[in-house]
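**Student:** Below are the chains, spelled out letter by letter.
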Amino acid sequence: MSHIDVGGVLRQAVHQGYTDLVTRSTGMAVRHSIERELSALKDGTVTALDFTHVGMIDYSCADEVVAKLLLLVAGNEIPRGAYVVVRGLTEYHLEAIEAVLDHRGLALVVLVEDGGARLVGAVNEDERRAWHVVHTRGRTHARDVAAEAGLDEDAAENLLEALMRRRLLIRLSGEYAAVGTAAVS
Amino acid sequence: MTTVITVPRSLDDVTFEHVLDQVAPLPADAKLLIDARHCTFSSPYGFTALLTLAQTREVKPEFAPPIDENVISYWSRSNFLRYAEEFFTLNAAIPKPRAAGESDVLLEVTPIARNDDVHSVVERVKQRAQHILMSKLHLESRSVMGFAMTLSEACQNIVEHAGRGGWVAVQAYNMKKRIGRYGVVIAVCDGGVGFRRSLESGRGRPESDRWDDAIALETALLYGTSRYHDPGRGQGLKGIRGYVTRLKGKVSVRSGTARLSINIPAWDEDVPRKDGLAPFPGAQMQILIPEADRAV
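In order, the protein sequence lines correspond to chains A and B.
Sequential numbering of the first sequence, starting at 1, is according to the numbering used here.
Sequential numbering of the second sequence, starting at 1, is according to the numbering used here.
Worth flagging that the hints you see were computed from the coordinates, not collected in a lab.
Ideal placement from N, C-alpha and C gives every residue a C-beta, glycine not left out.
A hint or two may mislead.
[Stated by the list, open to error] Over 12 Å on every C-beta distance to chain A, these chain B residues come out as not near it, computed from the model:
1. P25
2. F41
3. A54
4. V71
5. A93
6. P95
7. K96
8. T110
9. H138
10. G146
11. E160
12. E200
13. I215
14. E218
15. V271
16. D275
[Claimed, not checked] Here are some, though not all, of the chain A residues that point toward chain B, as calculated from beta-carbon distances under 10 Å:
17. M56
18. E64
19. R104
Looking at chain B on its own, in the form it has when it is part of the complex (with noise of 0.2 Å):
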C-alpha cells in the first residue's frame, strides 16, 4: 500500500514539519507518494529537505511534482527536479527547464559530498552574489563576502559531519509575509548522523545524564563543541552566528527531534528550542539574512 503524503501549499522551514508529521509514523520501507501537485511555492529549505527525505528512504518514494505551469518550470530551474529524478520516481512528465529572465537564485539546487564541491559552490555564489546582495538586500561589499565564508562553513558541516552527501541551495526573493522584506536564504540539508551521533562517536558529549537531540544541538551550536579533541573545532559555526548577529538575520538547525533557532529577530515569531518534534535524520540548516535595515 503507498502512503500518500500532502506536500503544503507553501514549503518551507516552518511547514516541511507537515510533511515529516506524516512520514514519521511509517516504517522506513514504506511505499510514499509525495504529492506536491498544489504546491506553488518552495523555499531552498523545501527543496533540499525534500531530497534529503527522499534520500533518506529505504523503498525510492513516487513523487507528483506541481501542476501549475509557472510552478514546475521554476522547480526545475532550480535544479529540484533534475535531482529529484534520482531520488523519486516521477509519475509525471518533467518539463525541460525554460530560459528565465534574471533571476535571484543565487545557487540552484547543488549536491555537496566533497571538499571540491564546496570550492565550486563558492566560487559560484561569490560570481551570482555580489549585485543581488548590494542592490536588493543593500548589504556592504565586506558582508557579501563573509556570506561566502558562512556558505562554506555550513556546506563544510555536511563534508566533515555528516557521512553521507547533502544538498545546498541558496535564493533571495522578497518575504513579504514572512519578514515583511527582501530577504536571503541558504538551506544546507543532509540525511546523514546528525548532531548527535556526530558528537557520541568523539568526546563532544558533555557529561551529564540529560542527553538528547537538543542539548547536542546546543552543545554544537552555543558552546562550540565539536567531535574532534582539535579545540580550533567549531569556529565554523561560531563565524555563522557572528555573522547572522551582524546582519540581524537568523540562523535555525535542526536535527534529530529538536530544532535550535538562534538570535531570532524582532520580525519572527519562532521559538528557540523545539523538541519532540518528528524524527529525521541527519542536519538541516537554514540561514535567513534580511534586507538591511536601512532601506526598509
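Isolated chain A, as found in the complex (with noise of 0.2 Å):
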C-alpha cells in the first residue's frame, strides 16, 4: 500500500508553518499536489491518505481534500484503477469528512488503529453489512456474503458490483477483498 502524510502535502504545497486544513484554496492546492503522487503510481494501487500530522479539518476544506478526490478517483480522472483509504483520523477529522461524504454521496474505507477498517459515508445497511462481511473474511465469493449476510445470491452480488465501483472492494481472480485490508494492500 502506498502512503501519503497529508500533514506533509500541506506544509510543503502551501506553507510551512500550517497544520490544520482550512479553507477551500488550501484544500485545493493539497488535493492537487496529492493527484500528482496518485498519477505517479502504477494501476490498481492502494493508497492510504495519512491525516495523523493533520490539526483540524474543516468542512470545506474536507469537500475539496476528500470528496473531490474521491470524485476523481471514481471518475476514473485519475489514473484507471487508483484506489484510496485513509487513516490517522480523529473524531474532529471524522465530523467533517462524514459531513461531506453524505452530502455528496459518497463512501470511504477509513483504517483504524487496532489493523481493522470500516467504512464511513453514504452506504445502506445492506451495503454496510455486505462489506463487513467481505472485510471479516479477507477474499470471499458472493455467494458467501449472501449466506452470512442473509441476502439471496443475486441481491449480494449486486451489491457487491456496485460497492466495487464505488473502489470500496477490489475483485481478485472472482473474488472480493475490501480495499486497503490484509488481502489488498
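Reconstruct the complex from the two isolated chains, following the hints.
**Tutor:** As C-alpha cells, this is what we get:
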C-alpha cells in the first residue's frame, strides 16, 4: 500500500507552518499535490491518505481534499484503478469528512488503529453489512456474503458490484476483497 | 455639514441597528461623526460592524472614542482602535493599550481578506480557546474543535463571497443580562456584495418573482444554495448551523435590509426574520454559544 502524509503535503504545497486543513483554496492545493502523487503510481495501487499530522479539518477543506478526490478517482480522472483509503483520523477529522461524504453520496474506507477498517459516508445498511462480511473474511465469493449477510445471491452480487464501482471493494480472481485490508494492500 | 451619529451606551448586534437607522437617510458621501463618547460596552459585533461602517463610507468618518478610561483601554486592547485609526479620523488621543490580566478575548479585532488570514485566525483561536471554552463554558473538547471549524467557515465567507476584506472578533464574557449566563460571541462582518448580489452573480437565485435580501439569506442559510455550480458548496454554513444547534446557541446573519436568526433559543427574544431594516452593505454574522446547561 502506498502512503501519503497529508500533513506533509499541506506544509509542502501551501505553507511550512500550517497544521490545519482549512479553507477551500488550501484544500484545492493539497488535493492537486495528492493527485500528482497518485498519477505517478502504478494502476491498481491502494493509497492510504494519512491524517496523523493534520490538526483539524473544516467542511470546505474536507470537501476539496477528500470528497473531490474520491469523485476524481471514481470517475477515472486519476489513472485507472487508483484506490484511496484514509488513516490517522481523529473524531474531529471524521466529523467534517463524514459530513461531506454524506452530502455528496460518497463513501470511504477508514483504517483504524487496531488494524481494522470501517466504512464511513453514504452507504445503506445492506451495503455496510455486505462490505463488513467481505472485510472480515478477507477474500470471498458473493454466495458466502449472501449466506452470512442474509441476502439472496443475486442481491449480494449486485451490492458487491456496486461497492466495487465505488472503489470500496476489489475483485481478485473472482473473489471480492475490501480495499485497504490485508488481502488488498 | 457633519452629522453626529450617536453610538448607544451598549453596542451589540441589536443596538447597532440604532446606528444604522441614523446613517441610512444620509448620502454615502455625507460627513459623519460617530460619537462613542458615552458608550460603555461593545460586543465583538459592535467593533467589527463599526469598522465595516467606516469602510463603506465615501468620506472617512470622524470618530469620538469613549471617554471612560477603562472603556477606552478595553477598546484599545481589543485592537479596535488600532484599525479605527486607519478607517476613521479620530478626534481624541488614543492611549497605548494597557497590559491586562487574564483576558477572555479569544481573538482581537482582526482583518480578514485572504486565505492566509483564515489560517492565522484559526491557529490563534485554537491556542487560546481550549481553556476558556472548557472552564467557563463547560464545553467538551470536541466542541472546542467544532468552534475552530465554525470560525473558519464563517471567515471563509468573506474570502469567498464578499469581494472585499472584512473583520472578525471573538470574545467570551458574562452575558447575564441577555442570556443569564456566560457566553462566547463570534462576529464576522464585511461591507462587500452581500448575500443577494452574491447569489445573483452565479446561479444561486431561485426562479421566483419574489426576490429580496431576506429570501437571499433564506436561500443560502436554510437551503445551502451558493453562487457556485459545485454541489459541494454551502456545506460551511450548514456546518455552522449544525454546531450552533448542538450547543443550543444562535446564529444571526444580516445582509442588506434583512436579518435571519436561526435556532433562536428559549433565552432569546429575537424573531427568526426581520425585513425592512436600514440598508447596510455586505454581510454581518454573529454566532453566540452559551455556557452549557449543566453548569447553570
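**Student:** Take the hints in turn and mark each one as holding or not.
**Tutor:** Right, here's what the structure says about each hint:
At the 12 Å boundary, the C-beta of P25 of chain B stays outside the reach of chain A, the nearest C-beta of that chain being 39 Å off. Every CB of chain A lies more than 12 Å from the CB of F41 of chain B, the least distance being 31 Å, so the non-interface label holds. No beta-carbon of chain A comes within 12 Å of the beta-carbon of A54 of chain B; the shortest separation is about 27 Å. Here V71 of chain B stays apart from chain A, with its beta-carbon at least about 34 Å from theirs, past the 12 Å limit.
Under the 12 Å C-beta cut-off, the non-interface status given to A93 of chain B relative to chain A holds; the minimum distance is some 37 Å. Residue-level check passed: P95 of chain B sits 33 Å from the nearest beta carbon of chain A, beyond 12 Å. The claim that K96 of chain B is not at the interface with chain A holds, since no C-beta of that chain comes within 12 Å of its own (minimum 29 Å). Every CB of chain A is more than 12 Å from the CB of T110 of chain B (nearest about 15 Å), matching its label as outside the interface.
The beta carbon of H138 of chain B is kept farther than 12 Å from every beta carbon of chain A, the shortest such distance being approximately 19 Å. With a least CB separation of 7 Å from chain A, G146 of chain B falls inside the 12 Å interface cut-off, contrary to its annotation. Annotated as non-interface, E160 of chain B brings its C-beta within 12 Å of a C-beta of chain A; the closest such distance is 7 Å. A cut-off of 12 Å between C-beta atoms confirms that E200 of chain B is not in contact with chain A; the least separation is 21 Å.
Listed as a non-interface residue, I215 of chain B keeps its Cβ farther than 12 Å from every Cβ of chain A; the least gap is roughly 23 Å. Annotated as non-interface, E218 of chain B keeps its C-beta farther than 12 Å from every C-beta of chain A; the closest such distance is 19 Å. Consistency note on V271 of chain B: stated as away from chain A, and its beta-carbon is indeed over 12 Å from all of that chain's, at 28 Å minimum. Distance to chain A confirms D275 of chain B as a non-interface residue, since its nearest Cβ pair spans about 29 Å, more than 12 Å.
The interface hint given for M56 of chain A holds, since its Cβ lies 6 Å from the closest Cβ of chain B, which is under the 10 Å cut-off. Taken as an interface hint, E64 of chain A checks out: its beta carbon lies about 8 Å from the nearest beta carbon of chain B, inside 10 Å. For R104 of chain A, the interface hint holds, the least distance from its beta-carbon to any beta-carbon of chain B being 6 Å, beneath 10 Å.
Comparing the model with each numbered hint stated earlier shows that hints 10, 11 do not hold.
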